[in-house]
Amino acid sequence: MRNFHDGTGEQPSARGSKLSTDIIDDNAIRRLLSVIGGDREDFLELMEEFEESTPLLVDKMKQAATEANIDSLRISAHSLKSNARDFGAVQLASLCEALELACKNQDVPAPVDKVAEIEQALEAAREALRGMTLPDV
Amino acid sequence: MSGKTVSGLSSDGSTSAKGLRGTRSVQSKFLLYVVPLVLVSTLLVFGLFEWNARRSAEQQLQVKLDKMVEIQSAVLAESLWNVADNQIKLILAALITDQDVLAAAVYDERDRLVAEVGATDQFEQAHFVLADDILYDGGDQQVRIGQLRIALTDARLSSLARERLILVAFLAGILLIAVVGATLTANRRIIGRPLGLLLESIKLAQSDAPRKPVEWNSDDEIGQVVSAFNEMQQRQTAYEQQLRSANDELEHRVDERTAELAGAELTAREARGQLTDAIESITEGFALFDSDDRLVVANRRYREIMFGDVDADIATGTSFADIARRAAEAGRFPNAEKDRQAWIERQITRHRTTGSPYIQEIAGNHWQQISNRSTDQGGTVAVHSDITEIKRISDELKRAKDAAEAANEAKSAFLATMSHEIRTPLNGIIGMSTLLNGTRLTEEQRDFSDTIATAADTLLTIISDILDFSKVEAGALELERTPTDLVETIESSVELVAAKAAEKDIELACRINPDVPAGMLGDPVRLKQILMNLLNNAVKFTEVGEVVLTVSSMMPEASLEPGQTTLLVFEVRDTGIGIPADRMERLFKSFSQVDASTTRRYGGTGLGLVISKRLVELMGGEISVESTVGEGTVFKFTLPGEVAAIPDKLSRDAQLAAIKGANVLIVDDNRTNRLILSEKFRAWELSPRAVGAPDEALDLIGTDDPFDLIIVDFKMPVMNGFEFTAAARDRLGPKAPPMILFSSASPMEESFREGAAKMDYSSTLSKPAKSGQLLSALVKALAPDTERIDSQAQADPRPEMDTATDVRVLLVDDNAINRKVGRKILKRLGYDPIVVSSGKEAIDGCQSEDFDIVLMDIEMPDMDGIAATRQIREVLSGKRVPFIVALTANAMSSERENYLKSGMDDYLSKPIDVDALSNSIKAARRHRDAQLS
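So the protein sequences, as listed, match chains A and B.
Taking the numbering used here, the leading residue of the first sequence gets 1, the next gets one more, and so forth.
Taking the numbering used here, the leading residue of the second sequence gets 1001, the next gets one more, and so forth.
If you are wondering where the hints come from, they were derived from the structure by calculation, not from laboratory data.
Each hint should be verified, as a subset may be incorrect.
[Stated by the list, open to error] Here are the in silico distance ranges between beta carbons for each label pair:
no. : chain 1 : residue 1 : chain 2 : residue 2 : range
1   : B       : A1400     : A       : S94       : 56 to 64 Å
2   : A       : G37       : B       : T1442     : 20 to 28 Å
3   : B       : H1366     : A       : A110      : 48 to 56 Å
4   : B       : Q1369     : A       : D107      : 45 to 53 Å
5   : B       : T1375     : A       : Q106      : 57 to 65 Å
6   : B       : T1442     : A       : Q106      : 53 to 61 Å
7   : A       : A116      : B       : T1442     : 53 to 61 Å
8   : B       : V1634     : A       : A110      : 51 to 59 Å
9   : A       : A110      : B       : Q1369     : 41 to 49 Å
10  : B       : V1634     : A       : G37       : 23 to 31 Å
11  : A       : R40       : B       : G1563     : 45 to 53 Å
12  : B       : D1850     : A       : S94       : 35 to 43 Å
13  : B       : D1862     : A       : D107      : 23 to 31 Å
14  : A       : A110      : B       : R1926     : 48 to 56 Å
[As the list claims (entries may be wrong)] To give an idea of the chain B side of the interface with chain A (calculated C-beta under 8 Å), a few residues:
no. : residue
15  : N1427
16  : D1814
17  : A1816
18  : I1817
19  : K1820
20  : K1824
21  : R1828
22  : G1830
23  : E1859
24  : M1860
25  : K1910
26  : P1911
27  : V1914
For clarity, every value in this text was computed on a predicted model and none was experimentally measured.
Cβ coordinates follow ideal geometry from the N, Cα and C atoms, glycine included.
Given the sequences, and given the hints that come with them, work out the whole structure.
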């Protein structure tokens, strides 16, 4: 919760809050928007970056999974987790976190399946983000 | 004597004759030895005496004869020379008068008799005869002139010897009598009597009379014989007694055994009857089948279950198959209706499969459980229990459990939803107050706004704490370990309950001992949560009086240098309703306030103390409570930890230096407040003077030693703060020092505001004042120049914006989005960061350019942030090293510690918190300034 401290003061009943709560946490979006200073264009730029860079990360993960390169898998999962949190992709973030932890414990039973799951979650998150109306700040 | 004993004994009967003869024999044998011995020894002794006496008497006589002859021959010589015969005769006559002289004769030189007396004829027979020459002395030679012969008689000697013999005989007689008498007496005394007693005792034993021990005490052999005899007799008695009792017991046993045998048959008969009764009376159906599955016995309940009739007639020997068939025909088993034959066969199979019980439905919606057991003889015991009721309860329980689980799930879902719904508006409040803080505000407004933000923040924390309760209970709660500003944490906790305390008109005070370090490694959020909980409780349950939080160190001697171990004690004391002793132990248990009525009256979840207790324990401390009903309660907890340096110390030191040594007068009617303020001022090296009565204070300010500052409480009896201030200004005129007003009254009240404005206070503070606020107020009043710089920085709505550009920032992150976000945040704060995407680039960057701060992502491929940091420090060794801050999405506090250990100066969590980033940059600037200066 501490992370929301410098939240925007957006009215809690604001439109869009119902948008896609399951996949994307609005508060995170507001927070991100607020920490970069509330500039919508900047935000859209970040969104584009997200659209572009996250599939690359998943590709990296896929490769690491087939090669059973646990270290590389862990770092990519960590990286994607961090991005997912920035954009409030709750489910994606928690999947990545689980994978990261599993890598850390050197116990990854089915890495390819895990990555496939993450890819699906990422797709869902990207879908949800594309359809989102930006909240006011 | 012996004779008497003997006769006494012999009269007792012929059986003892042999023994008696033995006794007599002992006596006479004894005498036979003693008497001759006495006689011989007497004779020997007296014989020796007599012989000796005789010999000496004869010697005497011989000597006498020699002398006599010698003398008389000399006497006679003259007479013989002169031939005076008459004279010679006279001399001889004189000689014979001696009794012993038997005869004497004188002869001349030719041996012719001259004269003689006595029985000279006996010269030849006499024992004692002596002849000697009579010599005449004729000048030159002696001439033999004659001879004298004398014979002595031993008659006198013989008569003396006779007398002695008589005496000796007499004495020997007496001696013999005495010896024999003594011997006999001793014999009887020493031997005879004990022997008699022994005999008596033996006879007594022979006559079957009870045995009596022989009473004879003596330490000689007889005594030993007697005691040995007594002992033997005793043993014999004991042995006989044993024999007798063994005999008795044997007889008793024989009797018993006979009786038992008689009873056994009866018992067996009874047991058979009881067994039958028991089988009949058990509520279960019971049947025993032999190894051929033929019925041996079945109780009425079994008949009832199988055939629906307690008195159904089934003969012993009926096969189980027949019984099953009859039962099916009786329509007792709904399952048998469809296919009777198949059902019967199933029953037979089940009947033979002993071991696991099975359940069966009976007509009338009843259920039974059947268990079949094999007996040792190869038969089968069937027990049919009615489990209708148990089954009903079990079904109900299952339904209830399902319902409860569903409810619990619903509750969890509700809590999750609720937390989300509550957090959303709270985030709004927090956001709005943050925005509000960004605008230009008066000091008071800023305080309000801060309080709103802190309160909302705390509320948010508490909500999540309630949700985290399960986590706490499961022990899954993790604590932060960051440098914590203790004073700030403690005072902001107090501040949050201050409004509530003021509403109830309770004095709220906070006292931090000077031995408490300024900072400590710990979890400020959790510490605040504990304090808030205890303070809120204290205020809640106190109607009149005060609530005082005291923080002290249990190791006052310990150093306050960072890295030292310390042990703090937090004590929250109230003057509230107190807690009854019997309720005390329930205090720290889940959902239990002191009683249900308390919950209704004061509200609250009752979770607070449980969470507090767990938190204190997690922090390594202990919590305890003491209370007296009606007087108040003291909650106390300990907190061990490590002293840590906190930021902001520099400006604080500057402020303290500016006001050092000032004379401050404190006017407050509350003693605790006076103590706390005085102590705090002394810690700040001021010289405080505290008085409780305003008029006393007025007297003081007129004296020679002027005060630099007066702090006055608003609410005082007799004279309030305004009245006192007016009076003081009146008295001192333009010389009046600046004054600060303390108040717990709501500053919103119009009249109060106007009054305060009129009095021209340097500052108006609400109670309890945070140390920081108080210090600022003191600086403002005492050293306005110092204060202005500080407050300008504080009052600036965006402090980051203007002074930012002089800090050079390097951001290192492999993730493109993170780089973009980071860059945008830093730009917004007014910095122009260099952004690189790997550890390698970061090292190169640091070598080519001087950075003040490096924001280093930890998780990077090829080279992680920790390795990069280490290398930066290596390549820059000897030069100025930037302040390196770890960026991490790992919330694990243990890992954060590791970052600090592995060379990071600070760490920031992702997603990045702007305030935290801003603070880190400030720390970096100080770090740089310290290195440069």
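Requested in this report: Please write out, lowest number first, the hints stated earlier that are contradicted by the structure.
Outcome: 1, 10 and 22
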